[in-house]
Amino acid sequence: MSTIIFLILFPFAVALALLVLKTDAARDMIVKVASIVIAAASVYLAVQYFGSGGEYFDFESETITYLMIGIETLLGVMIFYLGIKYKKYVASILAAIQTPVMLFFELGIGHSIHAANNLYVDRLSIVMVLIIGIIGTLICWYSIGYMKDFHHHHHEEPDRRPRFFFLLFLFLSAMFGIVVSNNLLWLYFFWEITTVCSFFLIGFTKTPEAIKNSFRALVFNMLGALGFTLAIVILGKYYGIMELNQLLAMGAMGVSVVLPVALLAFAGITKAAQMPFNSWLLGAMVAPTPTSALLHSSTMVKAGVFLIVKLSPVLGWNLAGVMVMLVGGITFLMASFAAISQSNAKRVLAYSTVANLGLIVACGGIGTYAAVWAAIMLIIFHAVTKSLLFLCVGTAEHNIGSRDIEDMDGLFGRMPKLATFMIVGIAGMFLAPFGMLISKWAAMKAFIDSGNVLLVMMIIFGSAATLFYWTKWLGKMVAIMAKQENIQQNVHKEEWLVLTSLTVLTVVICLVFPVMSSFLVVPYLETIYSSVATLALSSGNMYIMSAMLALVVLLPLLFYGKTSKRIVPIYLAGANLGDDLTFRGSMDKEVSVSLKNWYMDDYFAEKRMNLIGVIATVVVLVTVFSILLGGVL
Amino acid sequence: MNLTTSIIGIAAYLILAPIAGGLLAGIDRKISARMQGRFGPPILQPFYDFFKLLEKEPITVNRVQDFYVMCFFIFIVITGCLFFAGGDLLLIIFSLTLASIFLVIAAFSSNSPYAQIGAERELLQMMAYEPMVLITAVGFYILNGSFNISDIVSSQVMGIQYLPGIFIGFVYILTIKLRKSPFDLSMSHHGHQELVKGLTTEFSGKTMAVIEIAHWYENIFLLGFVYLFFANSLAWSPVLAVVVCLATYFLEILIDNSYARMKWQFAINASWIVAITFGFVNLLVLYFIS
Numbered sequence: 001m002s003t004i005i006f007l008i009l010f011p012f013a014v015a016l017a018l019l020v021l022k023t024d025a026a027r028d029m030i031v032k033v034a035s036i037v038i039a040a041a042s043v044y045l046a047v048q049y050f051g052s053g054g055e056y057f058d059f060e061s062e063t064i065t066y067l068m069i070g071i072e073t074l075l076g077v078m079i080f081y082l083g084i085k086y087k088k089y090v091a092s093i094l095a096a097i098q099t100p101v102m103l104f105f106e107l108g109i110g111h112s113i114h115a116a117n118n119l120y121v122d123r124l125s126i127v128m129v130l131i132i133g134i135i136g137t138l139i140c141w142y143s144i145g146y147m148k149d150f151h152h153h154h155h156e157e158p159d160r161r162p163r164f165f166f167l168l169f170l171f172l173s174a175m176f177g178i179v180v181s182n183n184l185l186w187l188y189f190f191w192e193i194t195t196v197c198s199f200f201l202i203g204f205t206k207t208p209e210a211i212k213n214s215f216r217a218l219v220f221n222m223l224g225a226l227g228f229t230l231a232i233v234i235l236g237k238y239y240g241i242m243e244l245n246q247l248l249a250m251g252a253m254g255v256s257v258v259l260p261v262a263l264l265a266f267a268g269i270t271k272a273a274q275m276p277f278n279s280w281l282l283g284a285m286v287a288p289t290p291t292s293a294l295l296h297s298s299t300m301v302k303a304g305v306f307l308i309v310k311l312s313p314v315l316g317w318n319l320a321g322v323m324v325m326l327v328g329g330i331t332f333l334m335a336s337f338a339a340i341s342q343s344n345a346k347r348v349l350a351y352s353t354v355a356n357l358g359l360i361v362a363c364g365g366i367g368t369y370a371a372v373w374a375a376i377m378l379i380i381f382h383a384v385t386k387s388l389l390f391l392c393v394g395t396a397e398h399n400i401g402s403r404d405i406e407d408m409d410g411l412f413g414r415m416p417k418l419a420t421f422m423i424v425g426i427a428g429m430f431l432a433p434f435g436m437l438i439s440k441w442a443a444m445k446a447f448i449d450s451g452n453v454l455l456v457m458m459i460i461f462g463s464a465a466t467l468f469y470w471t472k473w474l475g476k477m478v479a480i481m482a483k484q485e486n487i488q489q490n491v492h493k494e495e496w497l498v499l500t501s502l503t504v505l506t507v508v509i510c511l512v513f514p515v516m517s518s519f520l521v522v523p524y525l526e527t528i529y530s531s532v533a534t535l536a537l538s539s540g541n542m543y544i545m546s547a548m549l550a551l552v553v554l555l556p557l558l559f560y561g562k563t564s565k566r567i568v569p570i571y572l573a574g575a576n577l578g579d580d581l582t583f584r585g586s587m588d589k590e591v592s593v594s595l596k597n598w599y600m601d602d603y604f605a606e607k608r609m610n611l612i613g614v615i616a617t618v619v620v621l622v623t624v625f626s627i628l629l630g631g632v633l
Numbered sequence: 001m002n003l004t005t006s007i008i009g010i011a012a013y014l015i016l017a018p019i020a021g022g023l024l025a026g027i028d029r030k031i032s033a034r035m036q037g038r039f040g041p042p043i044l045q046p047f048y049d050f051f052k053l054l055e056k057e058p059i060t061v062n063r064v065q066d067f068y069v070m071c072f073f074i075f076i077v078i079t080g081c082l083f084f085a086g087g088d089l090l091l092i093i094f095s096l097t098l099a100s101i102f103l104v105i106a107a108f109s110s111n112s113p114y115a116q117i118g119a120e121r122e123l124l125q126m127m128a129y130e131p132m133v134l135i136t137a138v139g140f141y142i143l144n145g146s147f148n149i150s151d152i153v154s155s156q157v158m159g160i161q162y163l164p165g166i167f168i169g170f171v172y173i174l175t176i177k178l179r180k181s182p183f184d185l186s187m188s189h190h191g192h193q194e195l196v197k198g199l200t201t202e203f204s205g206k207t208m209a210v211i212e213i214a215h216w217y218e219n220i221f222l223l224g225f226v227y228l229f230f231a232n233s234l235a236w237s238p239v240l241a242v243v244v245c246l247a248t249y250f251l252e253i254l255i256d257n258s259y260a261r262m263k264w265q266f267a268i269n270a271s272w273i274v275a276i277t278f279g280f281v282n283l284l285v286l287y288f289i290s
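Residue numbers (my numbering), protein chains in the order written: chain A, 1 to 633; chain B, 1 to 290.
Bear in mind the hints are in silico, worked out from the structure with no lab data behind them. Warning: the hint list may mix true and false statements.
Unchecked claim - Pairs of lysine-lysine, DSS-like flavour, derived with a Cα cap of 25 Å: (1) A:K565 - B:K206; (2) A:K565 - B:K197; (3) B:K263 - A:K565; (4) A:K562 - B:K206; (5) A:K565 - A:K483; (6) A:K565 - B:K56; (7) B:K263 - A:K596; (8) B:K263 - A:K562.
To be verified - Reference excerpt, derived from the structure (chain A facing chain B, CB under 7 Å, subset only): (9) A432; (10) T471; (11) A479; (12) L558; (13) F559; (14) G561; (15) R566; (16) V568; (17) V591; (18) V593; (19) L595; (20) W598; (21) Y599.
C-beta: ideal position from N, C-alpha, C; glycine also.
Using the sequences and the hints, build the whole thing.
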């Protein structure tokens with residue numbers, strides 16, 4: 001248990017230290033040491049509880065309860081004040097509703113309910129702790145170099161790096177809290193902290209756009225938190241429970257817990273940036289890139305899907321489950337379509353995140369053994385691959401001055417190492433034999449078995465769109481342009497270290513996934529589900545996949561870039577002037593070649609895709625909650 | 001299907017597929033010529049062309065293109081082997097996607113305008129046919145309770161009885177996969193079109209020969225999909241299935257010669273509409289009766 005407490009408190013202590021210490025040398029040192037310690041502690045926790053089927057700890061303390069109530073109230077007051085200061089009154093109103101309700105409940109009914117176990121660790125927690133502890137700290141490490149450049153690029157502004165690193169480590173602390181809290185009040189507390197952290201991280205640059213987007217994220221997440229609050233109040237008042245495991249046990253015994261579960265799932269949906277709330281995550285990219293990497297891969301949105309996966313045994317074919325699977329499915333489809341129309345690399349990544357989270361959410365909604373297996377695998381693979389891609393884009397942006405995919409022409413010549421990492425990342429997101437595809441395969445099979453034809457169609461069409469937008473980006477990466485100057489020596493060595501680690505991790509994790517599956521995910525599922533179904537991937541298919549992976553890794557190592565042929569200029573619309581970039585056109589004019597991707601705006605215009613997705617998901621949410629609340633009243 | 005039959009299937013595919021594929025291409029050219037009132041080349045012409053390509057001067061536009069084309073070839077052959085070994089349909093589809101991506105990447109890597117337009121169009125074609133291909137796999141799975149081809153061909157029921165809509169949809173997108181007009185958008189060799197050779201503009205000599213033979217391999221196992229709709233445990237069903245495969249190929253030649261090429265918008269609209277009407281409705285009915 002002490003490791004759990006350490007994982008929550010240590011990053012917090014580091015965060016405070018980073019807030020106070022202002023020198024570069026001290027910060028670099030502390031971030032590096034702390035990252036290693038946190039990653040090591042995460043691994044230690046994993047080893048410690050590896051064999052256990054889930055352990056609960058009471059860890060009761062009046063002081064902690066009051067401390068949490070105090071901090072929550074302070075945060076509420078602060079949000080209320082900031083909302084008024086920046087004239088974002090919705091945030092103030094939400095804070096004014098939520099904070100008193102929570103305060104009243106916690107001091108009243110909540111106080112009388114005895115929570116037997118406040119903390120727990122099971123194998124799903126272990127998976128999440130490893131993701132947060134390893135991917136999260138890698139991102140912190142990367143930020144050291146990145147934020148130096150960032151400060152250099154924005155030197156007219158005050159140095160806000162102490163605050164930035166404070167928020168990063170606070171975020172990690174809160175995330176650890178979320179994945180080990182059994183007491184819903186504790187979970188809610190950490191949940192709120194991540195909301196506030198992301199609010200400040202998104203608004204980091206304090207530009208009008210950043211402030212606007214940070215408030216949007218805040219308001220959407222507070223809507224979710226309102227659902228969370230209501231769920232807690234209902235659970236406390238009508239069911240007399242305050243613990244997550246009791247809620248799941250009640251559901252398993254056949255007690256109808258649909259309303260509180262739907263409310264909690266709603267909170268998960270907002271946090272996982274599902275439609276209709278996806279715009280907050282798109283807006284979050286105004287922040288420095290490590291923030292996006294953190295929000296998209298190991299924290300924030302993963303808290304949302306974690307809660308839904310946690311609830312999945314009580315979802316399935318009930319109203320809450322149908323709501324979750326439809327919202328997830330629609331989001332996957334529409335976000336995949338919208339990604340086609342984007343040329344900004346970070347926006348493509350953001351839509352891809354929203355889409356993949358949609359897939360995870362839909363799997364959680366189905367709630368069968370195979371679906372949850374796919375969901376957990378998606379969480380793992382997505383965390384690694386997406387953080388790699390975000391950090392690659394961040395490095396590219398600082399060195400070529402743009403995050404637009406169209407400006408990444410000939411990146412292979414300019415920054416070969418970075419382009420290679422990006423190619424691995426992109427391939428990892430959608431191609432066989434990499435992890436995301438394996439999980440998507442399992443998800444597809446789970447969808448088919450669940451008998452939800454509509455969901456099957458969504459994954460089928462969404463996958464076709466996924467293929468299109470990733471490959472056209474991949475095309476830009478592999479294009480060989482003549483006479484490019486190599487500019488990659490300017491990249492910080494911290495950045496290289498992290499990018500290399502993540503690239504290696506992307507490949508290695510595909511190799512060891514059968515091990516992860518049989519030692520972490522399957523044992524977890526066995527404690528949740530009494531009947532153990534067969535998995536989507538037979539061992540035969542797993543071997544074939546591994547062989548394909550070996551082939552995909554070995555072939556380039558052996559044969560890439562080797563040719564004995566004579567190299568000739570490419571064919572252009574007139575006489576090639578020899579550099580493959582200009583030709584002599586009609587009227588003897590020199591014409592330069594520029595190649596652009598397809599965006600198919602007539603089909604997949606971002607606005608239209610969002611509009612359709614938002615309308616469809618709002619209809620789903622409103623219908624489900626009308627029926628549920630109608631039943632109560 | 002046990003290991004022995006799997007190995008026989010793979011060996012037969014590796015040796016016979018290029019021969020059958022080349023012959024099919026030769027017959028295709030002959031029939032097309034007759035439809036157009038020409039005499040046409042000898043049936044073996046595709047093989048003559050293939051050997052001629054091998055003798056061309058070895059040139060390339062960059063160091064990496066040939067590597068990608070080689071990967072394309074390897075994964076097409078692997079896909080076909082998985083198919084004829086009785087493997088998992090979804091695995092086969094994903095492996096085919098990987099192979100196709102390598103071809104697209106090879107074209108992109110040249111950074112040549114014509115190749116890139118071809119590559120983008122090829123991607124569009126992939127996006128157009130992918131849903132219907134996946135729906136086909138889903139249909140077989142619901143019907144037989146397994147994605148394995150070995151289970152599908154030894155099933156008691158004949159696929160076509162329950163999957164007529166999916167069959168129509170599959171034959172429709174087969175026109176794209178076999179690179180037939182009106183959907184030969186990305187690498188048509190017809191001189192009267194605005195984009196000639198497209199994707200393959202920058203390939204020559206041996207590389208081009210590899211692409212040719214890869215297509216022969218590919219066409220044979222695409223017809224294998226058609227075969228699945230008719231083959232079951234009955235002894236005479238394989239004969240029927242092969243006859244239907246040939247008839248389907250003839251139908252594709254007929255379509256090729258009777259339609260002018262359409263715009264890419266038509267390709268994607270039509271494919272997706274067909275997938276939703278024929279494919280989705282067929283799936284719904286299948287869920288309803290099973």
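Going down the list of hints, with the structure as the test:
| no. | hint | result |
| --- | --- | --- |
| 1 | A:K565 - B:K206 | holds (11 Å) |
| 2 | A:K565 - B:K197 | holds (22 Å) |
| 3 | B:K263 - A:K565 | violated (37 Å) |
| 4 | A:K562 - B:K206 | holds (15 Å) |
| 5 | A:K565 - A:K483 | holds (19 Å) |
| 6 | A:K565 - B:K56 | holds (11 Å) |
| 7 | B:K263 - A:K596 | holds (19 Å) |
| 8 | B:K263 - A:K562 | violated (38 Å) |
| 9 | A432 | holds (4 Å) |
| 10 | T471 | holds (5 Å) |
| 11 | A479 | holds (4 Å) |
| 12 | L558 | violated (10 Å) |
| 13 | F559 | holds (5 Å) |
| 14 | G561 | holds (5 Å) |
| 15 | R566 | holds (5 Å) |
| 16 | V568 | holds (5 Å) |
| 17 | V591 | violated (11 Å) |
| 18 | V593 | holds (6 Å) |
| 19 | L595 | holds (5 Å) |
| 20 | W598 | holds (5 Å) |
| 21 | Y599 | violated (10 Å) |
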